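Participant: Using the sequences and the hints given, assemble the complete structure.
Protein chains: 2
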Amino acid sequence: MASKAHEHLLDWLRDAHGMEQQAEQMLKAQAGRLENYPELKARIEQHIEETQHQADLVEGCISKLGGSPSGVKDTGGKMMAMMQGMGGMFTTDEVLKGGIASYAFEHFEMASYRSLIGAAEYAGEPEIKQTCEAILKQEEAMAKWLEDNLPETTMKYLQRDETEGATAKR
Amino acid sequence: MASKAHEHLLDWLRDAHGMEQQAEQMLKAQAGRLENYPELKARIEQHIEETQHQADLVEGCISKLGGSPSGVKDTGGKMMAMMQGMGGMFTTDEVLKGGIASYAFEHFEMASYRSLIGAAEYAGEPEIKQTCEAILKQEEAMAKWLEDNLPETTMKYLQRDETEGATAKR
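Residue numbers (this note's numbering), protein chains in the order written: chain A, 1476 to 1645; chain B, 1476 to 1645.
Everything labelled a hint here was simulated from the structure, so no lab data went into it. Treat the hints loosely; a few may be bogus.
Copies of the same chain look alike in the list, so a pair counts if it works inside one copy or between any two.
[Claimed, not checked] Below, simulated DSSO-like cross-link-like pairs (lysine-lysine); rule was C-alpha separation at most 30 Å, straight line:
1. Lys1516 with Lys1619
2. Lys1516 with Lys1539
3. Lys1604 with Lys1619
4. Lys1479 with Lys1604
5. Lys1604 with Lys1644
6. Lys1631 with Lys1479
7. Lys1612 with Lys1631
8. Lys1539 with Lys1631
9. Lys1644 with Lys1539
10. Lys1604 with Lys1631
11. Lys1644 with Lys1479
12. Lys1479 with Lys1516
13. Lys1503 with Lys1644
14. Lys1516 with Lys1631
Fair warning: this is a prediction, and the values are worked out from it, not measured in the lab.
Facilitator: Rendered as structure tokens:
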């Protein structure tokens, strides 16, 4: 357990735990603002539940390695800087920018889990690898949904914006 | 040209132009730091050239609509906040976090162009739609490369980190 690879794996799992907490906040803010896009809102609400469960799963992996999710290991605060930047994006009162930011964030999460899968394999931790693969599938499904939904949401936005009395932005 | 859809299309093209300029800066910083990952560095350098050409193409679309890429239309600075957050991420002296950030940023760009494609179709601008589709293909190819390369880069990072005298981070 004292190998360098295990240390990195533990650090990166802590990063992932912080990432899921950030994701939950952002998704809640986003869902809370949406008024005229019920399908998007429902899908985000589903993903909030998934995200909460993912945070628990990652916490389990951290415990398995003898650590605690006491804080993101984040040399120089670079990861937090990025996530705050992304978080700032989610405060936008605009459905399309929010959707684009969500899509980017999902891929940030997906790349993180893919890297974790490689690290778990390298460190000889098949259970952690499996957990990360399961989480990755949920992130991929959410990203796919957002991708499929974006052109339609864009059209709806432009239609609503041309309609007297309709709010397009949220 | 005075339709609301055209106004949005023009605003979003300006956003895309700012996004490509930001991308170029981030990619250059990232490529400049890499020492031990020559394939990643070469692919990033290729994408810097693509990015410069994409900025020109977007500028052409803006001109076609009678505008100028005078600045990102960015109500409340939310888009800049996100891009700066992402930019902060790219200053990390660490190949994996940089790769994850690049991957997320590529998908931010991809979602932006997909939304633009929808908007160009809605506004009846087939040439702009076609240009955005061509750019989207390049972004997708870069994202795919990063995705395929990430597990290997993770392994290499962990191997180098265990090797006496080898630098893993860059």
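Participant: Go through the numbered hints given earlier and state which of them the structure violates, listing their numbers in rising order.
Facilitator: Structure breaks hint 2 only.
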